[in-house]
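Student: Take a look at the letters that make up each chain.
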Amino acid sequence: MKKVLLVLLIAFAVVWMGCELKTPETPTLNVTKGQLVLSKMVAVGNSLTAGYQSAGLRRDFQEHSYPYQIAKQMGMAGEFEMPWIEAPGIGSTELTDPNYVAGPLEMTPEGPKVLDSTLATQVPLLLSNALLPRPYDNLAVPGADLNDALNTLSSEGNGNAFFDIVLRNPNLGNTSMIQQAIMLNPTLVLLWLGNNDVLGAALEGGNLDAITSQNDFQTRLNNILAQLRSNTSSFIIMGNIPYVTDIPFVNTLDGIFVDFGPLGKLPVMFDSNFQPIDFDTSAAGVLYLPLQTAEQNVAHITLPYLSIYSKTGIGIPDSADIADFLQVLGQDQATAAYLAQQLELAIRANGLNPTGIPMPGSLTLTVEETQSIKDAVDGFNGIIAQLAQTYQVAVFDANAMLSTLNENGIDGFNGKYALLDPVNTAFSLDGVHPNNAGYAIVANQFIGIINQALGVNIPAINTDQYRGQYAIATKDKKAFVRASHRALEGVKSIFIRTQVK
Amino acid sequence: MRNKLLVFFVMLAMISFASAAGFGLYEFGARSSAMGGAVVANPYDASTLFYNPSGLAFVSGMQFYANIDLIFPKALYVGPEPYPWAGEVYNAESQVFTPIGLFFTYPINERVFTGISVTNPFGLGLKWSDDFPGRFVARNTDLKSFYISPVVAYKVNDNFSLGFGLDLVIAQVLLERNVLLFDNRYEVGTSKLTGTSKLGIGFTASLTYKTDRFGFGAMYRHNVKNQFQNGKAEFTIFDDLSVPNVAVLARSILKDQNVNTAITFPGSFTVGVYYRLMERLGVEVDYNYVMWSVFDKLEIEFPDDPRLNQTVNENYQNSYTIRFGAHYDLSENFSLLGGFILDKTPQPIESVSPLLPDNDRTNFSAGFSYRSGKMQFDAGYMFVNIGERSTIENGVGQNDVGFDGVYNSNASLFFVSFGYTIK
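Protein chains in written order, with the numbering used here: chain A, 51 to 551; chain B, 40 to 462.
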């Protein structure tokens, strides 16, 4: 018996050795590594990534956001989940009745207007995708800055309801934007943050306190990239910061600045075509009357001034201001006083109100403020470039794109305000955010980067289809400027932070 | 050997491995197994209770027969290009499985014979490493079946008998896999589903026609549905998640709770023909037709939280096995045995997965049988060559849940039996 068992044992050992499994040849799937990277795209950003247009967010705008447009071009729009806000949408314009939430601005024959609103208590009903049992693929929160992406979980403390709409804490575990991105284990991340670390400064007329320090920017962006890199194996594309002074909100009224030689460039009174008014009725000379500004060395006047100008007359010189100016030009006191009175009458005849009250600094950006903002943006972009190298992240040069848009145009679109060019503008009615065409241009930029880096072939968007979004011809410009004041003020509100950074 | 009952319960605690295609097992008797299981037409020992119960009528006396298999399966998986784990080889853990067969025959009179057997005709076990990329489909699978089959056989005449039996079936299942949340994107922990089925009932009907040199056998076994009610689902959430707060969320979604499922073991129909070619040499060929199409899907139900419900498509197809067996009698007491099996897999390419990566098989067996007086001692070996099976066809992944790659597997079986004629 023992012998038999021994034989069996040896046989067993022999057979055991001989039955090693051969390693099969590695099979191949008909899909490239680059295509695999496209399988789970997640976007993190602010209003620019959410698809904010015309001081509001609404489903049709969200469908034109650049991440959604990219998903469409990839044939994956059905899987790209967003925090849909159904019509009438949610806007930032403050209405006279605080129980109502405005929708976005719409172009009307009278200019940009809020046409629709929702009872505040009914707003949750607009959120048609609120029950999605996982984080959204588009985690952009209008108003978010770098600190928010890392730390802000809800509207508590900042009053920005979009944090609740997008992050849906505590139901999603009290997690931040970056954490929710990680929870989706993305293969492709579109990251465009940092605009709100400097934008507030521009919107508030040069409030340099609203700019995040370079150190904080560096620390926070480093933290964001470190988290994404160590917790996901994704291809990351990061957008840098355009010059926030090169948007219509800031530069629409640049055309009303006149060079007065030794007096420098001053903004002057303008007509409904945004042209300086020549108060010299004779053919011989020209007479422009400078607007009254609290700040010196003004480089830009922001868009909300349009309606203040026509509605209230703040910034329009009165006869005393005009008399002083004429004396500076060389007139004697008596003539200056007489002419000033005549001119004041003429101003009133133009339907404007010469208050003599200087426009506050919150509406003007001085040369120094503009330069500081530009320097801050340059600093941020330097940090972005450097961290992109460190973390092997591709960069979407949004800064260059906006410059090109303003200088040469892109696809026949330009950076003018909709009232100046309703057909070819790439900006929406708030003068800050792109419109359908603008976002499509941004999407094409990302698509170009993705195609090149991953060796895939996502088709570009034909931006021509978006031309003339504001097709309604503007008939009475005077009326426009009155109407859009509130809305444009509202755009600022979501970017102005009341909390200390 | 004295403590038969102890052995019985210890063996019952062991796990089975699928040696016949799908998750069927067919090795319950070393002599029968060494002949490739081609024994339906020539009953020889008490293991006929499994292969062809009507053969009881041709097995003399009150016999006790016990069999144990030692199954050593091997399996590996290789990831496809361009997955991140392309070309990486993952080996399933080495395990040994010990299905048993216990047989007891009791003749009533010259015409009526009874018997009872305990076997494990269905089972599988496959365990992968903790980092195996398919761990979300299955990381550790274990299926056991216990068929307690009382049988009665009636000898119609010297050459012909009929048999009828009941199958009292209990099954046990274990499925461990890792859990993903958020649309199957984020790994949060593991789940363990275990259950013991309610008693399932099946039956068999069989016949044997036997002359001195010729034998014919046929056997039908009905399918058995095993209902698992109030099985347990246990979840373990990892401590070290990259987003720590998700652990709290996960624990609130994935609570330990009851789980229900059902697994139907297929019925089969077997026919075989035996012929004694020479004085010392007998050969047989059997054809099993196994009605695997009853195993179409695995519905996993969580009665306390239907959001977690899942359906795993299996879509097994009816399949067949062709068995060739031979015995060469060196003497009155000692025979050499050999067998060859062609086993078609019931598993469609879409279901090839870490649960069980099956394939058409070619198996070889050999062994010996020693009989002297009241004792019988049989031993043998079978090599089950499952081989390579890829889920990818023409560059397109076919797996139902999107986990593609190529598997290679085989198994070595050792079987040992001991029989004792009591009267």
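To be clear, the hints were calculated from the coordinates, so they are not data collected in a lab.
Careful, some of the hints might be misleading.
Label-pair ranges, simulated between beta-carbon atoms [claimed, not checked]:
1) A:Gln502 with B:Asp295: 24 to 32 Å
2) A:Asp110 with B:Glu338: 37 to 45 Å
3) A:Thr158 with B:Glu338: 55 to 63 Å
4) B:Asp344 with A:Val473: 51 to 59 Å
The C-beta atom is built at its ideal place from N, Cα and C for all residues, glycine as well.
Student: Give a verdict on every hint.
Tutor: Hint check results:
Between Gln502 (chain A) and Asp295 (chain B) the beta carbon distance is about 50 Å. The supplied range of 24 to 32 Å is therefore violated. Judged by the Cβ atoms, the range 37 to 45 Å given for Asp110 (chain A) and Glu338 (chain B) holds: they are separated by roughly 41 Å. For the hinted restraint 55 to 63 Å between Thr158 (chain A) and Glu338 (chain B), the CB-CB distance of approximately 57 Å keeps it satisfied. Separated by about 56 Å at the C-beta atoms, Asp344 (chain B) and Val473 (chain A) satisfy the suggested range of 51 to 59 Å.
Of the numbered hints listed earlier, the single one contradicted by the structure is hint 1.
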